[in-house]
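There are 2 protein chains.
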Amino acid sequence: MAMNASSCPAPSFAAMTELEKSMESLIVIFHRYAKEDGDGKTLNKKELKKLIENELPTFLKSQKNPKTVECILKDLDTNKDDKLDFEEFLPLIAGLSLACEKCYLLNEKKGMK
Amino acid sequence: MAMNASSCPAPSFAAMTELEKSMESLIVIFHRYAKEDGDGKTLNKKELKKLIENELPTFLKSQKNPKTVECILKDLDTNKDDKLDFEEFLPLIAGLSLACEKCYLLNEKKGMK
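Protein chains in written order, with the numbering used here: chain A, 476 to 588; chain B, 476 to 588.
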């Protein structure tokens with residue numbers, strides 16, 4: 476299965492499906508914060524902190540560790556450059572989506588009672 | 476970093492951030508197709524085919540292999556039960572988002588010229 480940049484010739488937003496729009500949002504949100512300082516392609520600790528505070532407040536509130544942002548950065552930063560590129564950032568989205576899916580299934584089950 | 480179902484106490488949609496809404500969309504879209512046949516928690520080949528045809532038409536058109544859906548199912552089905560649960564489905568979203576991010580960066584670069 477080939478998935479490279481040529482697989483995604485960027486349809487216009489209006490023509491995009493709901494799933495395509497969700498994926499584009501992930502990219503746009505990441506780059507919105509990555510642009511604040513530095514090179515615009517990676518999140519440094521300050522940018523990651525701002526992204527998590529602004530975009531994932533429910534998750535952040537659920538974390539008891541005051542060093543949550545540092546822990547996330549350390550966990551995800553596979554090349555140890557103290558920054559996250561989009562590829563390193565994606566497992567956070569995957570992990571949170573998976574946790575939320577468990578919620579979704581629990582809520583669905585409750586709704587069926 | 477703890478990410479379990481209790482990390483995600485489902486804020487109301489109106490109060491959700493853009494990133495939270497994008498993650499919810501991934502979950503809702505997956506389950507919309509997973510519900511069509513069977514148990515509602517997994518995509519069988521037919522449901523995966525329908526999801527890809529409806530939700531990822533740009534990607535599907537870019538694939539030359541007529542067995543794209545079969546290949547994706549085989550690639551992602553880690554427990555070899557011929558179905559994808561949400562956890563197995565997520566790498567497709569991650570892979571496509573990463574491919575699209577490369578496009579996004581290329582288009583940004585072009586825009587800057």
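Keep in mind that a hint or two might mislead.
The list treats identical chains as one, so a pair stands whether inside a single copy or across any two.
Claimed, not checked - When the alpha-carbon atoms are kept at most 25 Å apart in a straight line, the in silico DSS-like pairs for lysine-lysine are as follows:
(1) Lys521 / Lys585
(2) Lys555 / Lys577
(3) Lys558 / Lys536
(4) Lys584 / Lys542
(5) Lys496 / Lys510
(6) Lys539 / Lys585
(7) Lys510 / Lys525
(8) Lys496 / Lys585
(9) Lys516 / Lys584
Just so you know, these hints were derived from the structure itself, not from any lab. Predicted model, so just to flag it, every value in this text is computed and none were measured.
What are the numbers of the hints that this structure violates, sorted from low to high? 1, 4 and 6
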